[in-house]
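Just so you know, the protein sequences line up as chains A and B, in that order.
If you count the first sequence from 1, position 392 lands on 392 in the working numbering, and the numbers rise without skipping.
If you count the second sequence from 1, position 33 lands on 1033 in the working numbering, and the numbers rise without skipping.
No lab work stands behind these hints: they were computed from the structure.
Incorrect hints may have been included.
[Unchecked claim] Simulated pairs of lysine to any residue, SDA-like, Cα-Cα distance not exceeding 25 Å: (1) 419(A) - 1058(B); (2) 270(A) - 1044(B); (3) 108(A) - 204(A); (4) 130(A) - 1245(B); (5) 124(A) - 1044(B); (6) 419(A) - 1157(B); (7) 381(A) - 1060(B).
[As the list claims (entries may be wrong)] If you only want the chain B side, here are some residues facing chain A, beta carbon under 8 Å, derived: (8) 1029; (9) 1083; (10) 1244.
Where a beta carbon is used, it is the ideal one built from N, C-alpha and C, also for glycine.
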Amino acid sequence: MSLKPSRRAVLLALVSLALVAGAALTADAQKKGGILRVGNLGEPPALDAHWTTASITEMLTNHIYEGLYSLDNNNRPIPMLAESHTVSKDGLGYTFKLRQGVKFHNGKEMTSDDVIASLARWGKQSVYGKTLFSQVAEWKALDKYTVEMKLKEKSSIVLISLAVPNNFGAIYPKEIAEKFAPEVKSTEWIGTGPFKLAEWKPDQYIRMVRFDDYKPRNEKPNGYGGGKTAYLDEVRFQPVPEVATRVAQVETGELDFADDLNLDAYDRLKKNPNLRPIVSKPYYWLVAVLNKKEGLMTNAKLRQAWQAAIDIEPIMKNVAGGHTEFYRMDSSLIPPEIPAWHTKLSGLPWNERNKDKVKRLLAEAGYKKEPIRFMTTQEYKWMYDFALLSKQQLEDVGFVIDLQVVDWATLVKRRNNSKEYDAFTTGIGASYDPTHANFLTASWPGWTTDEDILKLQAELARETDQKKRQALWEQQTRQFYEKVPVIRYGDLFGLRAIRNTTKGFNEKTERVRFYNVWVEK
Amino acid sequence: MTVYLVRRLLTLIPVLAVVVTVVFLLIHLIPGDPVGVMLGPDATPAQIEATRRALGLDRPLYEQLFKFYARVLQGDLGQSYFLDRPVATALLDRAEPTLVLTFSALLVAVVIGVPSGIIAAAYPGSLWDRGLMLGALLGVCVPGFWLSLNFIYLFAVRLGWLPAAGYASIFTDPLAALSYMVLPAVSLGFNQSALIARISRSCMLEALQQDYVRTARAKGLSQGAVTWVHAFRNALVPVVTVIGITMAILIGGAVVTEIVFNIPGLGRLIISAVLRRDYPVVQGVILVTATAYVLINLAVDALYVVIDPRIRYE
């Protein structure tokens, strides 16, 4: 049976209407208004993005401030407050055109004066800013909307350094950037972001409200950047230090979103029809950082023996509470979520579980069962768990481990003193560029001073050809497993939970963002 | 009595001086550093040193101690490293939740503890006595966090009767404040009621064996009148002491309850301050708590005179 042309036309019209209506409904679904209540681990030490590398500060400040660049879905740099940039033929001059008409939360227009002052401060305090500005010869405004960076030597890290979300190059009004010395945290919080700070009541909440004069980019949302829309009237970040309480509050609907949950809660959350657990990747790869400045671990053979001894999968499975969804066995030093730098090299001495090799290396190291001081903390359960399991495995093959359990404040102080430990636990977050790998620097605790490693890192910072850089990074990865500056375990993932009434949340970014998110209640 | 009170108030000064000095030294001498925590895991030693200098933490300990004394004498408790506000403001912000929780929990503890102890003593060896004292034993033995988490699971997650956690001010939203306070007050009050019940029982047992009680019974008074009018008031002094101590402990911060129920009180403040090594806040909270402790003890001592006219302070 065939339809008559007139009927066909009517049907087509109806289908078209339905599609249009559907599209309209979808558009309507992104509605403005409402309060989103987010439960997180605790209080930020500051809301000054330049000042601290704390991840909670990163998460919060990225709603208030913006940098010249941001990261896309593949964690590559894309412009944010910058309109565009050009690079001089010799590769030493970067000229940035700024977007016009962008306003700060105090109503003032953002201009090159603000950018110059902010990034000058960032360059003196931030981990990434200091690295970048060590290569900068001159940093100046050319006109109201143009700034220029002149480099001492060719650099591959200009854009990525301006784009990293942690300890980032947030643009503040000039008056604030100049008022607070780099080592003094800013206590005035004015940015250009889609949300502005309304109220901060420590241990109760941080209220951010929509900035109505926010000027979004025209592109679609893309990773951390692109077009940002603040649909919510308010985001209320509530510190809930007890993880079981965070879980209960997202179950009851007192929270719309809860971050950093205990992996044990996964099964319970999965059964709740009103919410959805989210596996957050990448989180950290677990690491035992070895003291290469003094003590037992200056002996490379001993470090290699540790690396050869550990059986990583059971450790990871245990740390992940038995859930295979929460860990990944991967030897790359940068996770697959950053595809440009994820390596797939075969034949690396990772997860070898080779007892004969361990015995040989211990003998070659001249190890006489001296206790190895391994520092960890119970404040982060996963650190304690993997340290404890490592101790058992290492002692089975002839090591003697003196596991020192301290609180986090003690650990972060002691790890700066080379006399106080041989190894400590921590997690390595995503490095968006090989040059950001702190465990390959001489300045970070553990002190990687190996000349070959540092030389390759310096070459990686200078080389601007992407293919050559990838080859250098693969070379560095092989060198890493040979020199063993730190012990790389597996990738651990985090757990979040989101109520079904919260829409538009981008699950693919490592850190949470609440622009482009709306609520349906 | 007045001379006694003045003398007791004057002893507050050396007590607080010792407490403040010991706490200052303890918190500074344990390992750990606020700057390392604040600057985050990727901070370099050079950054940490620069910020330590900016906060004056590189100065010798005795210099920091004398500066602290000088500030306290001027009524200034210093500035919190983490909270970006004066310690006094941080303490004031936390006072209301802690006081509300203290009095609510104390009310629950007294309402459960005192009658339980009295009934148990009035019928020693009975099923009532055994049942109530078993309850008191459970109150002492059950860890506060376990009870709190189970209350949350049952009454908030499963039944949905009450919010799981949070706090609302009684001055802005009394109904919400009440709903938030029920679970923490009951779980904390139940724990604290155990000691009050045990003490009430033993004091009442002792009082009920006194000659005046026998006389009262011989006069033909009812069991209720003998228990409540004659024995109870005489048994009250040690009970008031325990209630006073309980109150002082709670004002110092019902740490676990405040953390589990996410109540922004003094207990939660001091725990986070210790973990972050926020020295000025730790010192401030201890100073306030020690003062409260001494003053509550003094108030309890003064109350003895009201309860028992035979007591005289020379």
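_Hints not upheld, ascending by number_ = 2, 3, 4, 6, 7, 8 and 10
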